[in-house]
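Line by line, the protein sequences give chains A and B.
Quick note: the first sequence, position 264, residue 1262 per the working numbering, numbers continuous.
Quick note: the second sequence, position 225, residue 1184 per the working numbering, numbers continuous.
No wet-lab data here; the hints were simulated from the structure.
All residues carry an ideal CB built from backbone N, CA and C; glycine is no exception.
Each hint should be verified, as a subset may be incorrect.
[To be verified] Computed cross-link-like contacts, PhoX-like style, restricted to lysine-lysine with a CA-CA straight-line distance of at most 25 angstroms:
no.	chain 1	residue 1	chain 2	residue 2
1	A	Lys-1382	B	Lys-1048
2	B	Lys-1168	A	Lys-1000
3	B	Lys-1090	B	Lys-1067
4	B	Lys-977	A	Lys-1391
5	B	Lys-977	A	Lys-1007
[Claimed, not checked] Covered by chain A, per the in silico footprint, the following chain B stretches (three or more residues, Cβ under 8 angstroms):
no.	segment
6	979–989
7	1025–1039
8	1246–1256
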Amino acid sequence: MKLTWKIAKWEFTRNFTNKQFLIGLLLTPIIMLLFAGVPQLISKLDKPQQEVFYVIDEISEFGQLVEAATDTNLKFVQYQGEQAELEELVLEEEATGYFILNQAFLKTGQVQVHTAEKKVVFKELQGLLSNLLQGLRVQEIGIKQEQVAYLTSPALLSSVQIGGESNGDQSNRIGVSIALAGIVLFLIFTSGAMLLQSALQEKQDRMAEIILSSVSSDNLMQGKIIGHFLLGISQLVLWLSIGLPAAWYFMDIPVWAMISLGQLPILIFFALTGYLLFAALFVGIGSTMTDMQSASNTQGMVFMLPMLGFIFVGPVISNPNGLAAQIGTFFPLTSPTITILRLGLAEVPTWELVVAAIILLVTTLLVIKAAAKLFRVGMLMYGKSASAAEMWKWMRY
Amino acid sequence: MNNTLDVKNINKTYNGVKVINDISFAVKAGEIMGIMGPNGAGKTTTIRMIMGITAPDQGELHFFLNGESRNRIPQASVGYLPEERGLYKEAKVMEILLFLSGLKGLDKVIARKRIMEWLEKFQLADKANSKVQQLSKGMAQKVQFIASVLHQPALVVLDEPFSGLDPVSQDIFKQEIRQLADQGMAILISSHQMNLVEEICNRIFIINKGEKVLYGPLQDIKAQYGSYQVNIIAEQEIPELTQSPLVQSFQRLGKKWSLVLKDNTAPAQFLATIPPEAPIDELSVARISLHDIFVRIAKGGSSDEINLENR
């Protein structure tokens, strides 16, 4: 175990002091922030342009109109004079247009808006004029404003699950579980890629035999897996320590409220075991290759395995306790991500969790054992990548 | 001298082909033992089995350390310079040596001191903080050598330690290896460069096609194959010499003649038969080289096999 830790420490420090790693470590959150934050920032800065309308007011309600437009992007200018001159003025001053408020408006509610441009969207203006019209007609009939508000108030719906939690909490939980499943996948991919690189590095640098004369291949493999796990975790911690406050600041996501979770031990078990499963798979296969270019179809396919979970994501979200969800939970290669996702979406029966955990654990142990056998032979093989038949032979050896 | 390593009747088969066939030898404390043979003879396979990297199908390996016998390799007490050797290119010389000696259980403070001593010995002290990729091939090989002996192991296994080295570096290596043996380390060297091994080994084991060809102290082997070789430079034919009844065989390469004397023929005996008018420019006499012994035996097959160990 002491030797395993020495290898893990070496793998960790060697990568952590590597320029490429450090650049990636710092650049990734900056790039992510740029992609996530900049559009938000732009939309905050980019206020919509003010629209100016000239109004010929024949019913003396201009004051009310201006008052109603206080918090909008609409600006009204009263005009007294010839319509033909007004048309020239609109074009000259690049105003949006003009309209006339007259008795016909009060009667029919119809307004003709004369515009400088061909296409103008009147959504905001229409709302304002509708309110004005309603107000005037209410006055005409003699009902009080409060009575109108009482009459026209809409029904408000919100859902509360029986014995469950409120709507907001649930959507937070879904958010958290999708994020956690994503983080596990991310860890598997980044650490997996680095592990593979590291196994190849040992062969390319011709270090395998020197190291294996001091430690057993099991120690070397374990050390690599632990070292890269710690590397992945520290990468994640650093990114989250930047990302969470950034998400809170830029996107108003209540991150702190989402973190408190009762199912954390189950999540951690599936995340860790899942990581171990794929790490062993990657390092075992990596040791049978000479370089990335010479990877055979079999080897290439292994690196796509973590993606399998995506097949189940759609069906699981639409029916978290359906057959697809159950298959995804029991199948060990999709189990880590799908179980974590399901935990957020619905109540997963305990027996399913137990069975899934046992299957995952047993598979992981078997894969680690097989990977150790591949690693033992693969690390000492130079010059060619192993064929599927050779790998099978080594595993039975 | 006590045995540090005992290899007993080991066998190894790959894909139905027997690559190592019933090989036995020992390495003693304080001696340099050479395992020699042409490329593909089985040297590296034998060494990998000793190092525990692969296991023999049959046979036994015994390591003797501090009066105890073990049949598993005591990794911390063995140093190894493999034939397929390298170093992490991105790492610094000091870092990598500290890491490798750490794996052997050497204390960091002691390791740092010893590393500087060795680097100074090889005139590499100023490279301690250089990255491996900045070193020349010869420099890197010196660093690899340091890594294999830094923890002062009881047994050092050096697989082709001289390959790729210039003559000056070869001499430095020979000198250092000799010193380590004098300090009591048991050293096993594999090489196909027979002339180099011949110069420093106490005993040798010659292997060909996975089988033992010769095994024993160098001097005994040479005495067994006791012939002498006469090297002559002569422009013309020298039938009075090549057809002498004392000459077993000869070879000619341009004006260079090489005559092998019959067994038990003393050099003076042959020299006395040379007529004074023989057209000779230069003449030298030497014991037949290990190279020639090997070629003679290998060509004759393993039926010539001899064992001088028990003489």
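Hint check results:
1. A/Lys-1382 x B/Lys-1048: holds (21 angstroms)
2. B/Lys-1168 x A/Lys-1000: violated (40 angstroms)
3. B/Lys-1090 x B/Lys-1067: OK: B/Lys-1090 and B/Lys-1067 at ~20 angstroms, within 25 angstroms.
4. B/Lys-977 x A/Lys-1391: holds (19 angstroms)
5. B/Lys-977 x A/Lys-1007: violated (41 angstroms)
6. 979–989: The restraint on the segment 979–989 of chain B is violated, since only 0 of its residues have a Cβ under 8 angstroms from chain A and three are required.
7. 1025–1039: holds (count 4)
8. 1246–1256: Check failed, 0 qualifying residues.
Hint violations for this structure: numbers 2, 5, 6, 8, all remaining hints satisfied.
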